[in-house]
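Residues per chain are reported as follows:
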Amino acid sequence: MAQPDATHPPENVVQMRKIVKRFPGVLANDHVDFELRRGEIHALLGENGAGKSTLMNILAGLYRPDSGSILVEGRPVNFATPRDAIRAGIGMIHQHFMLVPSQTVTENILLGLEEPRFRLQLARYDQRVAELGERFGMKVDPRARVWQLSVGEQQRVEILKMLYRGAEILIMDEPTAVLAPTEVEELFSILRAMTREGKSIIFISHKLHEVMAISDRITVLRRGRVTASNLNTHEVTRAELARLMVGREVIFSLDKKPVTPGEVVLKVEDLWAENDKGLPALRGVNLTVRQGEIVGLAGVAGNGQRELAEVITGLRKATRGRVFVSGEDITNRPVRQGIRRGVSHIPEDRTHVGSAPNLSVTDNVIMKNYNQPPISRGWILNAVAANGYAERLKKEYDIIVPTLQTPVRMLSGGNLQRVILAREISSQPTLMIAMQPTRGLDVGAIEGVHRLLLAQRENGAAILLISEELEELIDLSDRVVVIYEGKIMGEVSDGNVEEIGMMMTGIPQDAIRAGEADHDR
Amino acid sequence: MDLLIVLQAGVATGTILLFATIGEIFAERSGVMNLGVEGMMLLGAMSAFSIAIRTGNPWLGLLVAMLAAGLISQIHAFIAITLQADQVVSGLSLNFLAVGLSLVLGEGLSKAGTITLIPSVTLPLLSQIPILGPVFFTNQKLIVYFGYLLIPLAWYYIYHTRPGLHLRAVGEFPAAADSLGVNVYRLRYFYVFVGGVLAGLAGATISLAISPGWFSELTTAGQGWIAIGLVIFAQWDPLRAAFGSYIFGALRRLVLDIQGPMMLFGFPNPFYYNPYWGFFLEMLPYAFTIIVLVIGSREAIRKRLGAPTALGIPYIRGERGL
Ligand SMILES: Nc1ncnc2c1ncn2[C@@H]1O[C@H](COP(=O)(O)OP(=O)(O)OP(=O)(O)O)[C@@H](O)[C@H]1O
Ligand SMILES: [Mg+2]
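Heads up: the sequence lines are chains A and B, in that order.
Counting from 147, one number per residue, gives the positions in the first sequence under this note's numbering.
Counting from 43, one number per residue, gives the positions in the second sequence under this note's numbering.
Quick caveat, the hints were computed from the structure, so don't treat them as lab data.
Some hints could be false.
[Unchecked claim] Per label pair, the in silico range of CB-to-CB distance: (1) B:Y227 x A:K463: 40 to 50 Å; (2) A:L173 x B:V131: 49 to 59 Å; (3) B:F257 x A:P548: 54 to 64 Å; (4) A:T549 x B:L335: 51 to 61 Å; (5) A:F264 x B:Y190: 53 to 63 Å; (6) A:A502 x B:V146: 39 to 49 Å; (7) B:L335 x A:K164: 48 to 58 Å; (8) A:F169 x B:R96: 51 to 61 Å; (9) B:V131 x A:D287: 39 to 49 Å; (10) B:I337 x A:L461: 36 to 46 Å; (11) A:F169 x B:Y227: 16 to 26 Å.
Don't be surprised by glycine CBs; every beta carbon is placed ideally from N, CA and C.
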């Protein structure tokens, strides 16, 4: 057992002192102190771009601090590579997935390990991975290739990867951002079980209710500095935390004006489509969205939401059925046709579908209107106009970025989302397909996005909002439609959470209502 | 013209392409494209021949050829991996350097004497199998049998071993491999080295076994470029690479043999009467290479063919993922 020592008591498994990290144009960490106790869940809070991921990347050995020191179990450490950190028992689940898309789940988990020594013998390890998954209630097919998995499933692989390595200290950078509410509950019970075994967890999340529910202590960062450290979770309120993060009061309630829905903008008729594995993902979906209406699409991840968004926006072929936008049949037509009709798309995968990671902020925001004046005249792109336009959006949408020429892969998760939102909303859409638009955003930014969506609705846009956040769906939507295994289970317009929840598990509305009728009788 | 003999000689000739192609597959799987294959092969052919003349030992020549080409490949590795320069430019430069070096060092080598060749062997039982026996296992150079061994070994290594898993990860998504403690830079250096060693082996196979001697740049005659085309055609898979290599080897032999007889299948042989027909056949692998390279340079098509995602992209630690 480690000797108790006056300066760093052994219950502090990690101590980071005066960490400074600079990137070109930003001071991401400015003399940050951070400590983690054995067996605790310590939440790290802060706005988008506050420097949370940077601090944790330093602890995980991915970045080197410009100055400052790190103690693990009371001993100074100096991680040159992530391998050093893993050896010291520190495992990190990244915000951007660190999975090789073309490899199987098991291969991804075995990557970098000493065992198996030479021959992979995948069948044997598939077995172990499946068992591990089962033990923690995570269902993943070990033989599936990662590119075939939904974002939620990929996240589970990330978690499994660290569990498999038996890390003592687990850093989770927004692990719940991609999970459905029920999955979050499962994750929390795993986390609790882990802390009971003496493991320590650093938990980054923008969702204050989660932080309140799971964490023991909280540290808050703002613009690279610590604004509050080691708060006991049960002694603070959500409002206080929000203020510490954003530096102002955050209004949690929404001001939703009554709007009379107009004409039908989106009409989906008996739509069928396949997923990447070639299995049916949509099985006869019918749906309409009218002007000035937000229709929420609820469902557990992987029930066809992504495929539906992709078919409507022209990114995926429908095998049967029709999609109409403002009366025009755009089924299986090129994406550009939809864009001309005013379809805008906020995709689930923001790093690959939503943005071009190596292009600048400017290039990313002009991607939809680069071929129209004033940004281009004929063949010529007007760089001044493009930059001016980007500059305006940067201010309007509060995008924090050193320069407009920065490639967007350098942006923090939240800021990248703002770039996409800026592009999609500024195009004045008639139909907006928004998939998880607030995932990864801080409370202040979420408030902003919700306002933007409501403003679009008041302007007469038709909005299909796809989200796994039931609270968000119910607050924003005029109607909530539930999808399960590619079929619409029913529709709720009075915010009946229980009914939505039951439909999400695959019970059709008729059956629920019939059951109720039986009961009444 | 005996078809079996053409095929048998074709397998021998194809062994040259086989080594070079599998070598380049290793380098590219790790994310580094090396366009210097032709030069490295030539360097291998030259050093193998020169050492074999001087020592009388072809095996020593083979070894030195592999080392020489492996070493020179590290120049490209340094420029492409450490200095993070453009891999196409660096690979082309390596090619010029290696070709030039071979021609200078090989000056006068063509008349320097004769060497002991790598011996030929007929395998006792296997050579009795109909068709396959005479083509693959009868009177083949020992080195050709190395080729047979290399194909399944390379395949098994890439898909079914831990180092192979790391190799694929480093070429697909280096940031993921790095985050788990796989040393991306070291592995890339290593597989560029492997590519060099196998290119050197390919060169030595020419000068010590298949068409023995030193004929300056005609020794390799552009086969290094064909190998680069074959990598794309093979979709970075050793089994398909073997298939392509032997087909092209057979075609190469066919060009030589088909011009001999006056009659072909009872008809006057056009290749006999008009040598341009032969030139046309001879051109096919090169034309194929140009077409494959042009098609394969399209990003979207490369992706569909299964090119390693990070191929040609230097890895910079601390930058966010692709
Ligand atoms: N590799 C990098 N190169 C340049 N700048 C970077 C890099 N990584 C982070 N930054 C910048 O450092 C700042 C902090 O980013 P970081 O990702 O740590 O924020 P965060 O708190 O995790 O935000 P979010 O909640 O949005 O994930 C941001 O301004 C970001 O643009
Ligand atoms: Mg972050």
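These are the hints, each one checked on the structure:
1. B:Y227 x A:K463: 40 to 50 Å: 41 Å, holds
2. A:L173 x B:V131: 49 to 59 Å: At 36 Å between Cβs, range violated.
3. B:F257 x A:P548: 54 to 64 Å: 58 Å, holds
4. A:T549 x B:L335: 51 to 61 Å: 37 Å, violated
5. A:F264 x B:Y190: 53 to 63 Å: Once the Cβ atoms are compared, 22 Å apart, the range 53 to 63 Å for Y190 of chain B and F264 of chain A is violated.
6. A:A502 x B:V146: 39 to 49 Å: 46 Å, holds
7. B:L335 x A:K164: 48 to 58 Å: Cβ of L335 of chain B to Cβ of K164 of chain A: about 54 Å, so the range 48 to 58 Å holds.
8. A:F169 x B:R96: 51 to 61 Å: With a Cβ separation near 57 Å, F169 of chain A and R96 of chain B satisfy 51 to 61 Å, so the hint holds.
9. B:V131 x A:D287: 39 to 49 Å: 43 Å, holds
10. B:I337 x A:L461: 36 to 46 Å: 25 Å, violated
11. A:F169 x B:Y227: 16 to 26 Å: 22 Å, holds
Violated hints for the displayed structure, listed by number in ascending order: 2, 4, 5 and 10.
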